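Q: Residue 1 is where the sequence shown starts when you use my numbering, and the numbers rise one by one after that.
Worth flagging that the hints you see were computed from the coordinates, not collected in a lab. Since the model is a prediction, treat every value here as computed from it, not as a measurement. Don't take every hint at face value.
Keeping only pairs whose Cα atoms sit at most 20 Å apart, straight-line, the calculated SDA-like set for lysine to any residue is [unchecked claim]:
{"no.": "1", "residue 1": "48", "residue 2": "150"}
{"no.": "2", "residue 1": "7", "residue 2": "73"}
{"no.": "3", "residue 1": "221", "residue 2": "153"}
{"no.": "4", "residue 1": "212", "residue 2": "65"}
{"no.": "5", "residue 1": "222", "residue 2": "194"}
{"no.": "6", "residue 1": "26", "residue 2": "14"}
{"no.": "7", "residue 1": "222", "residue 2": "107"}
{"no.": "8", "residue 1": "80", "residue 2": "37"}
{"no.": "9", "residue 1": "39", "residue 2": "62"}
{"no.": "10", "residue 1": "49", "residue 2": "75"}
{"no.": "11", "residue 1": "124", "residue 2": "26"}
{"no.": "12", "residue 1": "65", "residue 2": "53"}
{"no.": "13", "residue 1": "50", "residue 2": "153"}
{"no.": "14", "residue 1": "221", "residue 2": "85"}
{"no.": "15", "residue 1": "50", "residue 2": "107"}
{"no.": "16", "residue 1": "189", "residue 2": "206"}
{"no.": "17", "residue 1": "124", "residue 2": "54"}
{"no.": "18", "residue 1": "26", "residue 2": "46"}
{"no.": "19", "residue 1": "26", "residue 2": "85"}
{"no.": "20", "residue 1": "39", "residue 2": "29"}
{"no.": "21", "residue 1": "49", "residue 2": "37"}
{"no.": "22", "residue 1": "26", "residue 2": "93"}
{"no.": "23", "residue 1": "50", "residue 2": "83"}
{"no.": "24", "residue 1": "65", "residue 2": "5"}
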Amino acid sequence: MLLYSSKHEIIDADKYDFYGSGANSKVYVKNDEVLKIYKDVKIRYYMKKKTFEMLKEADIPNLVKLRDYYNQYTGWLYEKIVPMDGYTMDFVDGTPVELLSADRKYIDMILAQLEETLNMLCEKKIIISDSSMTNIIFNENGVTLIDPDYYYRSKKSPSSYIYQQNKEELIYSFNSIFTKEFKNKYGQKGIRRLLMSSVHGSLTSDFNHFYKEDNIEETVKKYVYTF
């Protein structure tokens, strides 16, 4: 399948290797490039071209680097009216890191990176939406947020509101990952809500309030239900 970029360049999707599939799209890879193609789903599940251009221009630290968007056909209608059929972005390479086994040095590194991300999102008035444990990647180089399809700009929102909203999205992802990794290791044990979001605290301060032991696994164990 041939796809036409916003710059009228052509790529052949058949030359990409299948990587995985989600509810609304399929993902392919070639070398250092990821191609995401939307399935036949409702338009609201597609990233808007304006959103794509906004995020690419903002160049948010630790957010996957977007390359270009594509349509199956070319012409004014597809360039201006019809939503994109897919887009390309950088492939996030590196050895995956299991958070449950991470040491404090690594946690401090990713928290510093995410604080940089949160501050830039505030500056650009961008709000994270649809956060999940599958939309954040941890490797030896740190952290990368992916799948920004539902991010949006809220120009009138104060920075404090944007920071809080985005922090809560990240905390939701952390809690989901901790729970999944713990259950994968120890079985289906009941776990209470872990990392909590304070009203005025930073992501780092909220994390440090939660993370008291020598490693995260020992911290999470405190939140397991006893039957």
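Q: Hints first: check each against the structure and report whether it holds.
A: Taking the hints in turn, this is what the structure says about them:
1. With a C-alpha separation of about 9 Å, the suggested pairing of residue 48 with residue 150 holds against the 20 Å cut-off.
2. For a cut-off of 20 Å, the pair hint linking residue 7 to residue 73 stands: about 13 Å separates their Cα positions.
3. Proposed proximity of residue 221 and residue 153 is contradicted: the alpha carbons are some 38 Å apart, above 20 Å.
4. With a CA separation close to 34 Å, the supplied pair residue 212 and residue 65 exceeds the 20 Å bound.
5. Between the alpha carbons of residue 222 and residue 194 the distance comes to roughly 9 Å, so the proposed pair stays at or under 20 Å and holds.
6. A distance of roughly 13 Å separates the Cα atoms of residue 26 and residue 14; the hinted pair therefore holds under the 20 Å criterion.
7. For the hint linking residue 222 to residue 107, the alpha-carbon distance of about 19 Å falls within 20 Å, and the restraint holds.
8. For a cut-off of 20 Å, the pair hint linking residue 80 to residue 37 stands: about 19 Å separates their Cα positions.
9. Taking the CA atoms of residue 39 and residue 62, the gap is about 27 Å. The hint is violated against a cut of 20 Å.
10. The hinted pair formed by residue 49 and residue 75 meets the criterion: a straight-line CA distance of about 15 Å does not exceed 20 Å.
11. Restraint check for residue 124 and residue 26: the C-alpha separation of about 29 Å exceeds 20 Å, so the hint is violated.
12. A C-alpha spacing of about 11 Å is found between residue 65 and residue 53, which places the hinted pair at or below 20 Å, so the restraint holds.
13. Under the criterion of a C-alpha separation no larger than 20 Å, the hint pairing residue 50 with residue 153 is consistent with the structure, at around 10 Å.
14. Distance restraint check for residue 221 and residue 85: the Cα-Cα separation of roughly 44 Å exceeds the 20 Å cut-off, and the hinted pair is therefore not satisfied.
15. Distance restraint check for residue 50 and residue 107: the Cα-Cα separation of roughly 34 Å exceeds the 20 Å cut-off, and the hinted pair is therefore not satisfied.
16. Between residue 189 and residue 206 the alpha-carbon distance is near 24 Å, which puts this suggested pair outside the 20 Å criterion.
17. In summary, the hint linking residue 124 to residue 54 is supported, as the alpha carbons are separated by about 9 Å, within the 20 Å threshold.
18. For the hint linking residue 26 to residue 46, the alpha-carbon distance of about 12 Å falls within 20 Å, and the restraint holds.
19. Pair hint residue 26 plus residue 85 holds up; C-alpha atoms about 11 Å apart against a cutoff of 20 Å.
20. As the CA atoms of residue 39 and residue 29 are separated by approximately 17 Å, the hinted pair is consistent with the 20 Å bound.
21. Restraint check for residue 49 and residue 37: the C-alpha separation of about 14 Å stays at or below 20 Å, so the hint holds.
22. A C-alpha spacing of about 19 Å is found between residue 26 and residue 93, which places the hinted pair at or below 20 Å, so the restraint holds.
23. At roughly 10 Å between alpha-carbon atoms, residue 50 and residue 83 fall within 20 Å of each other, so this suggested pair holds.
24. Restraint check for residue 65 and residue 5: satisfied, since their Cα atoms lie roughly 16 Å apart, inside the 20 Å limit.
Taken one by one, the earlier hints fail for this structure at numbers 3, 4, 9, 11, 14, 15, 16, listed in ascending order.
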